[in-house]
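What follows is the residue order along each chain.
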Amino acid sequence: MEPVKTTLPAYPEKATLEGRNKVIGFWLFLGGEVVLFGSLFATFIALRQAFHTGPTGEELFDLRLIALATGILLTSSMTSVMAIVGMHRNDVKSLRTWMSVTIFLGLCFLGLEIYEFTHYTSMGHKMSSSPFGSAFYTLVGTHGAHVIGGVIWMILLVARLPKTGLTVVTAPKFYLASLYWHFVDLIWVFVFTVVYLMGKVG
Amino acid sequence: MYLLAGGFFFLLGGLEALLIRIQLMYPDLDIFVGGTFNQLLTMHGTTMIFFAAMPIIFALLNAIVPLQIGARDVAFPFINALGLWLFFLGGVILNASWFLGAGAPEAGWTAYAPLSTPAFSHMGVDFYVLGLQVAGIGTWLGGINFLVTIINMRAPGLTFMRLPMFTWTAFVTSALVLFAFPAITVNLILLMFDRLFGGAFFNADMGGNVVIWQHLFWIFGHPEVYILILPAFGIVSDVISTFSKKRLFGHSAMVFATVLIGFLGFMVWAHHMFTVGMGPIANSLFALATMLIAVPTGIKIFNWLFTMWGGQVRINTASLWSIGFIPTFLIGGMTGVMLGVAPADFQYQDTYFVIAHFHYTIVGGMVFGLFSGMYYWWPKMFGKMLNEKLGKWNFWTFFIGFNLTFFPQHFLGLMGMPRRVFTFLPNAGLEMGNFVSTIGAFGMTLSILIFLLNIVITNRSEQTVPADPWDGRTLEWTIPSPAPEYNFAQTPLVRGLDALWVEKMEGNGQISYAEPLGRIHMPSPSVLPFLMAIGLTFAAFGFIYHTWFVAATGLIFTFVLMSIRSVKDDPGYYIEVEDIDEGVKV
Ligand code: HEM
Ligand SMILES: [Cu+2]
Chain A
1 MEPVKTTLPA YPEKATLEGR NKVIGFWLFL GGEVVLFGSL FATFIALRQA FHTGPTGEEL
61 FDLRLIALAT GILLTSSMTS VMAIVGMHRN DVKSLRTWMS VTIFLGLCFL GLEIYEFTHY
121 TSMGHKMSSS PFGSAFYTLV GTHGAHVIGG VIWMILLVAR LPKTGLTVVT APKFYLASLY
181 WHFVDLIWVF VFTVVYLMGK VG
Chain B
1 MYLLAGGFFF LLGGLEALLI RIQLMYPDLD IFVGGTFNQL LTMHGTTMIF FAAMPIIFAL
61 LNAIVPLQIG ARDVAFPFIN ALGLWLFFLG GVILNASWFL GAGAPEAGWT AYAPLSTPAF
121 SHMGVDFYVL GLQVAGIGTW LGGINFLVTI INMRAPGLTF MRLPMFTWTA FVTSALVLFA
181 FPAITVNLIL LMFDRLFGGA FFNADMGGNV VIWQHLFWIF GHPEVYILIL PAFGIVSDVI
241 STFSKKRLFG HSAMVFATVL IGFLGFMVWA HHMFTVGMGP IANSLFALAT MLIAVPTGIK
301 IFNWLFTMWG GQVRINTASL WSIGFIPTFL IGGMTGVMLG VAPADFQYQD TYFVIAHFHY
361 TIVGGMVFGL FSGMYYWWPK MFGKMLNEKL GKWNFWTFFI GFNLTFFPQH FLGLMGMPRR
421 VFTFLPNAGL EMGNFVSTIG AFGMTLSILI FLLNIVITNR SEQTVPADPW DGRTLEWTIP
481 SPAPEYNFAQ TPLVRGLDAL WVEKMEGNGQ ISYAEPLGRI HMPSPSVLPF LMAIGLTFAA
541 FGFIYHTWFV AATGLIFTFV LMSIRSVKDD PGYYIEVEDI DEGVKV
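Protein chains in written order, with the working numbering: chain A, 1 to 202; chain B, 1 to 586.
This is chain B alone, in the form it adopts within the complex (with noise of 0.2 angstroms):
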């Protein structure tokens, strides 16, 4: 469900930047311009990484996590799908704009006060303030729901420090999550008092202050950055050492550069304000602690590397994907390093530069891994393997496209190409790195289609996948292809790192169980999440146009539900043991 709702987003987000790109394609055009220019690109911004990067991460933490686990489910079903429904919703709100009011948000996905002030934007940016607000608390109950799993949930025998680097990276993830959200909730909150009731927040002329706005968003925007990539990186770390045949290098190290990681990335908010006025004391400590970020990063690199060291690495689409995150991510984070340093960012601020830099991190890191992770996981997940051969093209094409999107548009920002302009004036030089990115661009839309193709053709196939198609190492691969509902017949027993690799090698090849087959309890399913999503979505319409009878029944009727949600209890069902698929010989 989250991953069709944000593949779908995904789509969305690629076509505005499409768009984006067409218009930028030779100088002077005039297909998109002003308004519309900034709508597609606030709603571009906004849908990739609320409504698109988010939810696809949710998917696999979804599918993945209680898998490496050990676990039946995730703690808590009923707010898994209460989590679920509250993204979708809010993405249609957002999306809603388009069509009702005066168009889409124009204050660019960051939305500065006091741009996004009524004073200088229009009703799109109420849609965006509570379609936000929305998916962002689903997002937030999403994030307690996998630490409480991760924290309570595992297998015997399953310590911490055995725990696989994917479900290690969900759990720090989801902790940025829980104390990233309820930032962005207050500074929306904030903006909706002044755009609804008057408040004064970023009223300057009052004695406001925009700047709160920055540091608000800013205290949620770099952890969300974090939140995006870390567990691309948990996901390469699993697929390098699945096909390097070898246990991943310091294994350890690689566990502390990741809570390394989440910690520091709380403490750097402030690099993206250099230019704000802070004083050079403090734009020295952020940017100290901006390049400190690189040594933890650095680590996992070289980690990487030695794994595949002397392993014998497997060539496929899911590797690819792997190895070719590491050049990409690479470049990506040597140009944060360089934007780390306050006196350059004076420079490079507000051009393409940045635009290149936040690219190679975010599509060159985080969507290639979850590329890799998606062909890894696909046959764990819908029990068919995704097509090889139209997965190297998809990778190819992407690499390829991606490059050449993303590469000039370096060069273009340091010859003075500023950010979120809809023209350039011909003879300036810019001409050719403008075309050949969006040549590139049409490459990545190539792919995407690939992709799509590749999809449609093994849903139709009728091919079965073994449990364990890679030869793989943790616990997932000890259960049938796609997996029960039940997840594990019997709880297993972890003896290691790397479970399964364990019993493979001393063992033999079977994972044994911590307790005897029985019946298994399941939870019932529920309208209400549903119900009451659509409570909060008919409350925040109601705030959009400020009909506040609408506003205040759709709280009410949550509020409502909510109550008879915490009075009744969910006795739930049983399978019983001679329904229960016994589980797989490996």
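Bound-form chain A, shown alone (with noise of 0.2 angstroms):
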């Protein structure tokens, strides 16, 4: 077996002051966003019946490629855990490949999401066609924005690792695209139940 390298602390996300003041400061910045994220979904519920002479959600949603979203999106927090799992054991290439991984099923979800944006504003489902409309696309569209900055934030850190190396400084910078990752996802979960499931059913 290969010999542990001990030159990181056990935690070297919160090894400095520095660090810890980005962790704490990251979990307020969260905590903003389930504001921002609350007031979005709150206009949605309030507009979601209000579809005017565009089409319902029920006309427009399929449930299958929402559900194969959800599913790439949520293998994606897992293969995120992975990564900080590696990255907790010192093992720099199983948090390199995790991380990618990461990355690619945050790409996959994104095309997706455009294929079926495209789709809808084909079938008439625009942002001006109703406030259903404005309101779908603005909570998605946030959702979504959302997941490309994780994925960019990601890339560049994957692309800087064999530069930088894991030390104390780029340590919480992983550690909380991670967090920030599972935030978006737990979010999407939301959005599959408030959005589709809601507006298949009912």
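Keep in mind that the hints are not guaranteed to be accurate.
Partial list, computed: chain B residues near chain A (C-beta under 8 angstroms) [to be verified]:
{"#": "1", "residue": "I151"}
{"#": "2", "residue": "T185"}
{"#": "3", "residue": "A200"}
{"#": "4", "residue": "F201"}
{"#": "5", "residue": "N203"}
{"#": "6", "residue": "M206"}
{"#": "7", "residue": "L531"}
Keep in mind that the hints were calculated from the coordinates and are not lab data. Cβ atoms here follow ideal geometry from the backbone N, Cα and C, with glycine treated the same way.
Using the hints, put the two standalone chains together into the complex.
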């Protein structure tokens, strides 16, 4: 067996004051994001039946596609956990591999979402076609923008990893990126329920 | 920086207020009518709340909170700079509307939909939407920064229950910022989509819902007024206890009251919407919750009085502002309870009674508190004492002018003068009140001029100030005035509430340290925050003028800078031991 390198402390992301500041700051950041999405969900719920002359959710949504997207995103949450487990073992290779898998899954999800949106607009479901349309694109689009942000962030970190190595400075960044990714996935679970399931059923 | 920019916007907002009052001095005047009056009104409210009050509070938080907790800096200096530039450029965007486009926003500082939708307003509202959005992000980042600073960077021994009141209120205020600002962010996004991309959120013809704007606005807006007033509570607490030579009466009750006010501040937003038609149950619940706020507020007022009771109260400008704060804020609080009576609110809503109420709280409360804090901490921030004689003139002209301006407005409101109208008819019994009110506004203007004069004179003088000019009680008075850039040469060790006072009473009058003197790590300055803010400003103008190319370039520019920041680490630099001024013997 390979000997474990012991250059890093056990929880490198919390080893320095800067690291601890970042972790707490990031949790607070996510607290604010909860309010942001909460407001968007409330708006969506208030307007979800306001179809005007545009198509309804029931006509639009294809639950198989959405289930696939959900599966992809949830799996990517798990792979990002694997990455952090690797990091805690000080295993740079495992960190890089699992992060790359996470990025790949994130890209797949985005591909599906782009396909979905273009498909909907071709069916006459636009931002301007009804309050439901406005609320749908704002809520789901905001989530999608968060996914894009997360993917770009992870790509940057992984691309720089060979150069920077894993240190008490870079460890908090990976840790936070993974935390962020979980958050984005969690929000998706609500999107799935409130937008798609409720849209299809009632 | 915050102080300078905030002060500048305060003068702008004040000028707008003066013009409003001049228009209302006599009946049937026609200096600023119709659209122009609406623009002045909107810009006055928006500027005062977002670009004067907030930044001046942030200035004090920035300068004083790290000092009170024995920290070298805030947790994220980079984000601090970014927040500052975002706020400032947001203000620039908003005010650019006077010169570009079709004039300033005109839909009121609350920008109620549908008034603010394209059907009923011109381009000015776009400046409002994007200016506030940019500034709001900056403020929100600032809130996170202060929270982390207070949670993570307190000196050893400084438990939460030993925090000075100002830091406590800073903490709760920052928490309110953290949770309140995302609501306005979303609201502005919705309005922006309606205005720019044909969204239908507020389009009632298509089944949109304008009440969403009101809910989201006040979910943000009511906590916002507590964001403004809580730091003033903190200042008054610290100032009164220092100048009464007594520890604050009921310190832990004050902490509890602060947290409770913060919490209730979130639960009562709909008292601004009693007349929307939410139904009797919702109205009753919100009325009840609103009145509950009077309880912790009352506790605070009694605790201040008990602190002064039997203390050796020293009267100077700083303590005058704090003492003057108590009755004026009390009046504002009482009219607030009157407004909280839901059925009565049907009578008061949209009259001058409301104007009188919130100016008694915001001006009679927050502005008095800020002035008190300014006189109190000026030596620590700038190394000079503001002139006392001018200070007293400053106080009395403001105190009298303020009451002349806003006290008659209670009666104007009860006599039925509606708010946001640009004139009134003669012989309706409204002349006297309006005339007095305008005279009072001139009084306050005079007072502000005296304050500016005071700053200039103080700045010119050669005096130096000791570390502890007021016989202070808390950590900020243990380091030289003005505070060095690293604040504390050595991290202090705290042994009780009012750390310095404990040492004065039980020790040798000097704070002891938690670490040996060593070299100090500092972050290096960076232009990135400024450039990032510029990028977003560009994007904002792109959106306002529907030039998507500019908008996209600005956004991409900012994102590239963010990426650079996230992969590059700031090694910072060190201040060596020989360059550290070893602090002072008190
Ligand atoms: C310098 C002294 C001030 C004077 C003479 C003044 C005067 C006025 C007047 C005449 C109005 C318009 C009332 C109406 O018809 O709706 C007004 C509104 C307002 N003022 Fe002031 N004001 C002053 C200071 C402040 C300060 C310091 C703040 C906040 C920190 C403030 C916040 C507001 C707000 C939020 C509104 C409501 C605007 C709206 O409803 O659209 N004012 N003020
Ligand atoms: Cu309120």
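Outcome of the hint check:
1. The beta carbon of B:I151 comes within 6 angstroms of a beta carbon in chain A, closer than 8 angstroms, and the hint placing it at the interface holds.
2. Evaluation of the B:T185 hint against chain A yields a held restraint, the C-beta minimum of about 6 angstroms falling below 8 angstroms.
3. With 8 angstroms as the threshold, the beta carbon of B:A200 comes within range of chain A, its nearest partner Cβ sitting at about 5 angstroms, so the hint holds.
4. For the restraint placing B:F201 at the interface with chain A, the shortest Cβ-Cβ distance is roughly 5 angstroms, inside the 8 angstroms limit, so the hint holds.
5. Look at B:N203: its Cβ gets to within about 7 angstroms of chain A, closer than 8 angstroms, so that hint holds up.
6. For B:M206, the interface hint holds, since its Cβ comes within 8 angstroms of a Cβ in chain A; the closest pair sits about 4 angstroms apart.
7. Evaluation of the B:L531 hint against chain A yields a violated restraint, the C-beta minimum of about 18 angstroms exceeding 8 angstroms.
In the structure shown, a violation is registered for the earlier hint numbered 7 alone.
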